[in-house]
Amino acid sequence: MKKHFLYLLSITLLSAAMISCAKSTQGKMANEWQVVSSEENSTSVNSDGSKTIASRTTNETSYSSSVTNTNPQGESSTANHSGGVNAFDWLIEKDGSWTRTEEYTEMDSGKKLTYRTVYSGSWSFVGKNKGDDFKKNERVLFNVLAKRYNFTQTEQGATTMSYSSNETYLAGERVLIFTVKESKQKELQLESESGSTVLYDGENQGTNSGKSSFTLKEK
Amino acid sequence: MKRISVYMLSVVFLTAGVISCGKTTRGKMVNDWNVVSSSQEYNYVSQTGEKLLVTEVSADNSYTIKTTHTSPSDSTTETTSSTLTVVENSWSIKKDGTWIWKKHLRNPSGSIQEDLITTHSGTWSFIKNNKTDEFKKNERVIFNVLLLEERQILSSDITTSTSYLTGEKSLIFSVKESGKKLLEMEYEANNLYSGSGSETQTLIKKLSVTLN
Chain F
1 MKKHFLYLLS ITLLSAAMIS CAKSTQGKMA NEWQVVSSEE NSTSVNSDGS KTIASRTTNE
61 TSYSSSVTNT NPQGESSTAN HSGGVNAFDW LIEKDGSWTR TEEYTEMDSG KKLTYRTVYS
121 GSWSFVGKNK GDDFKKNERV LFNVLAKRYN FTQTEQGATT MSYSSNETYL AGERVLIFTV
181 KESKQKELQL ESESGSTVLY DGENQGTNSG KSSFTLKEK
Chain Z
220 MKRISVYMLS VVFLTAGVIS CGKTTRGKMV NDWNVVSSSQ EYNYVSQTGE KLLVTEVSAD
280 NSYTIKTTHT SPSDSTTETT SSTLTVVENS WSIKKDGTWI WKKHLRNPSG SIQEDLITTH
340 SGTWSFIKNN KTDEFKKNER VIFNVLLLEE RQILSSDITT STSYLTGEKS LIFSVKESGK
400 KLLEMEYEAN NLYSGSGSET QTLIKKLSVT LN
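Here the protein sequences line up with chains F and Z, keeping their order.
In this text, residue positions in the first sequence follow my numbering: the first is 1, and each later residue adds one.
In this text, residue positions in the second sequence follow my numbering: the first is 220, and each later residue adds one.
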């Protein structure tokens, strides 16, 4: 009986040790995803009372954005943009690499504007932390190692203006850190939040806050 | 004999499991450290030929800041240098996942003594391994800055403080050396920008700290 108990205890402990090693959401993260919806909001308030509120939402086919600037006198102006989503894909590979491709088009007085950005790099989970209560594999860090940007303007099928740029970074230099809100085989929800306040000699000099959320579905 | 083998095998696997799960450098990271030396480099080169090199070297309780600026118009170079005294340069990494880096520098030159106290504090975590960039488990550590306080004591005592949320502002270091009484960490950045109008811009940043 005692021997059986020791066998069972050994096997139980062995299993527990192996389970606690498993990266349970690594397999769920790695996939060829499409960003089916996204929402980005930010608010910036200065000490003189002026503020900027920006928002941007996308779905599978279109996007809309809005920026409202309010001066210290309380007068505000809003710029709205909207257009089509040609691509918003997020490839997360098992080998630790990732690529996010975004392409949008917008019509402006008969001109077709196309914006294409491709981010790529490496990704890792961030370890748990007692100080901020994050658990294992609850946060994910995307290192941006390269950013390629292309802009083209076409009129009646002919390109009338274009611009492109390339940027490279080292690991850890430019990062996107997300909290995993939902992680299933065919759906992934990522969220990031920011909120900074500057105090100079105890006086508020300004606040910035923002939230971005992305819902990804398997392609 | 067979039973003994099963026991031993279980114990060996269990030990291996525990070891491979164990964050072997967590215990080594946690300490009240002193920054015994640090070097920081900021190197910017623009397409027009403008160059800015800022180096900050701390050793033997002195902190030297050198700035070299090369003007693109006439290629003239201007260099400035100042040396401050290190009153305190401590880095406390706690088991509860929090950390505080306090750097107190004093400028003894001039008619009035100037004190500059910079305090970063927040939470820290290891970054898991990654096959692509070949970083291994517990080889990289992220220090989330939740509060940055910059205090200047000159004729008056003024503090500028900025608070952040987790993940908004961070310092990511590679652990170069980790012993019971020594910790070496390095941060490196190399941003190269090139545009279709032949614009180029290079920004290299390097920060290495040795704590004991």
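Bear in mind the hints are in silico, worked out from the structure with no lab data behind them.
Note that CB positions come from ideal geometry on N, CA and C, so glycine has one too.
There's no promise every hint is true.
Said to hold, decoys possible - Computed from the model, here is a short list of chain Z residues facing chain F with C-beta under 10 Å:
(1) Y263
(2) N357
(3) N363
(4) S375
(5) G386
Claimed, not checked - Estimated spans, in silico, between C-beta atoms of each pair:
(6) S311/Z / N166/F: 18 to 28 Å
(7) D251/Z / R148/F: 43 to 53 Å
(8) S162/F / L411/Z: 16 to 26 Å
(9) L411/Z / A54/F: 23 to 33 Å
(10) V306/Z / T197/F: 51 to 61 Å
(11) T43/F / L411/Z: 26 to 36 Å
(12) E32/F / D251/Z: 26 to 36 Å
(13) D279/Z / T78/F: 56 to 66 Å
(14) T296/Z / E203/F: 33 to 43 Å
(15) S300/Z / E182/F: 50 to 60 Å
Said to hold, decoys possible - Computed cross-link-like contacts, DSSO-like style, restricted to lysine-lysine with a CA-CA straight-line distance of at most 27 Å:
(16) K395/Z / K130/F
(17) K147/F / K94/F
(18) K270/Z / K184/F
(19) K395/Z / K314/Z
(20) K350/Z / K186/F
(21) K136/F / K314/Z
(22) K285/Z / K270/Z
Status of the hints after comparison with the structure:
1. Y263: violated (14 Å)
2. N357: holds (8 Å)
3. N363: Cβ of N363/Z sits 7 Å from chain F, so the hint holds.
4. S375: holds (8 Å)
5. G386: Given a least distance of 4 Å, the restraint on G386/Z holds.
6. S311/Z / N166/F: 18 to 28 Å: violated (41 Å)
7. D251/Z / R148/F: 43 to 53 Å: holds (45 Å)
8. S162/F / L411/Z: 16 to 26 Å: holds (21 Å)
9. L411/Z / A54/F: 23 to 33 Å: Check passed, 29 Å falls within 23 to 33 Å.
10. V306/Z / T197/F: 51 to 61 Å: Since V306/Z and T197/F have Cβ atoms about 28 Å apart, the given range 51 to 61 Å is violated.
11. T43/F / L411/Z: 26 to 36 Å: For T43/F and L411/Z the Cβ distance comes to about 33 Å; the hint holds.
12. E32/F / D251/Z: 26 to 36 Å: violated (47 Å)
13. D279/Z / T78/F: 56 to 66 Å: holds (58 Å)
14. T296/Z / E203/F: 33 to 43 Å: Given about 40 Å between the Cβ atoms, the range holds.
15. S300/Z / E182/F: 50 to 60 Å: At roughly 54 Å between Cβ atoms, E182/F and S300/Z fall inside 50 to 60 Å, so the hint holds.
16. K395/Z / K130/F: holds (24 Å)
17. K147/F / K94/F: Satisfied, since the Cα-Cα distance of roughly 21 Å is no more than 27 Å.
18. K270/Z / K184/F: violated (49 Å)
19. K395/Z / K314/Z: holds (20 Å)
20. K350/Z / K186/F: With Cα atoms ~24 Å apart, K350/Z and K186/F stay inside 27 Å; holds.
21. K136/F / K314/Z: holds (16 Å)
22. K285/Z / K270/Z: holds (14 Å)
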